[in-house]
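Trainee: Sequences listed follow chains U and X, in order. For the first sequence, the UniProt record's numbering gives the first residue as 1, with consecutive numbering after it. For the second sequence, the UniProt record's numbering gives the first residue as 1, with consecutive numbering after it.
Please note that a few of the clues may not be correct.
Intra- or inter-copy, both count: the list cannot distinguish identical chains.
What the hints assert, rightly or not - Calculated pairs, SDA-like style, for lysine to any residue (alpha carbon to alpha carbon, straight line, at most 20 angstroms):
#, residue 1, residue 2
1, Lys126, Ser160
2, Lys54, Arg107
3, Lys126, Tyr110
4, Lys54, Ala118
5, Lys126, His180
6, Lys126, Glu44
7, Lys126, Thr80
8, Lys126, Ile20
9, Lys54, Ala117
10, Lys126, Glu164
11, Lys126, Thr172
12, Lys126, Arg107
13, Lys54, Asp29
14, Lys54, Ala67
15, Lys126, His116
16, Lys54, Asn26
17, Lys54, Thr81
18, Lys54, Asp75
19, Lys126, Arg105
20, Lys126, Gly170
21, Lys54, Thr31
22, Lys54, Thr80
Derived from the structure by calculation, the hints contain no laboratory data.
2 protein chains.
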Amino acid sequence: MRGMARWRPGSTGRLQQAAIELFTENGYDATTVADIAERAGVTERTFFRHYGDKREVLFAGQQEFQASFVGAIADAPPGTTAMDLAARALDAACHALQEARGRDRARARYAVITAHAALQEREQLKLAVLARAVTGALSAHGIPDLRARLAGDLVVSVFSTAFERWIAPGTTRDLVDLQHEALAELADLAGTVTAA
Amino acid sequence: MRGMARWRPGSTGRLQQAAIELFTENGYDATTVADIAERAGVTERTFFRHYGDKREVLFAGQQEFQASFVGAIADAPPGTTAMDLAARALDAACHALQEARGRDRARARYAVITAHAALQEREQLKLAVLARAVTGALSAHGIPDLRARLAGDLVVSVFSTAFERWIAPGTTRDLVDLQHEALAELADLAGTVTAA
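Looking at chain U on its own, in the form it has when it is part of the complex:
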């Protein structure tokens, strides 16, 4: 035993859970860091060890989320086409998300975000950053710049389309299944191009 540091397993998970509960019950603006810490059973100091402010709690896990897309691209065999790399990234991320967060929790988080312009702005930037991370991974895999840029956007478009359908009220369909449907639809859509 060295010192008095109390390490409590799962405090970030409890903080995230507490924050979403309180934002849903009392609204985002009315909820304080003190409220979140109390509900999670930790001190405010512990809160600030993990997050800069209450907004950050809603955007925790972005690194891991992004890594699930990027890692799938990095692990693919050399010579894999851009579209197949996109499909691999989407499969990996959708599987990971579905396992890590339940649909109900994703729904609650999304409802908090869509109710606030400032949170929506943050969410959109998060998706834009994700698109550029995917673009970077595709470039590193040898995909030319313009194609990598467009494929990065495509991955985020297919992901967020599938995600929004997954958390729509009453939906019971699987996220991976919805993602396959969206990707196939996009391929069909883009394939119908005629003359510019």
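Position chain X relative to chain U; hints supplied.
Mentor: Okay, now just chain X, sitting in the frame of chain U:
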């Protein structure tokens, strides 16, 4: 003549020009509404008649910009495919943007925005709102929901890809030409899908 109201033509244009100049010269944070009004040769009261704050000046004209996409879709003949509607919207908006704002002004605005996380967030939300407006116009034109959603994202992806290449240092290529190239690349990319 009725009363003392001084109507000065082009005050919004001068305010936008003044704001971008000052943001570029002194930085966004160091520039005040008073500075912008003074440079534009108007009162602060005139500033606030047009804009809620200094951030809004950077995002002026979004309605017209969005209308150039949406109007092109609404005006297309019935039965036009989703991809052809997307191409029409992109052509109309790129022509309009290139005529309304010079490349140098677009470059200066973009540099101010990319230097600030909060402005980037606002810009990304603007693009997300644009994507959903395009989706709405496509739905109104009879395109099914899933396809309209993906095509809305596709339009914004192609537009912003072309736009960023247009304002890149040293570029002299036409925005419409860059947009055609990006759309053709995306069609080729998405057409290479194999099995999911």
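Trainee: Which earlier hints turn out false for this structure, listed by number in ascending order?
Mentor: 5, 6, 7, 11, 14, 17, 18, 20, 22
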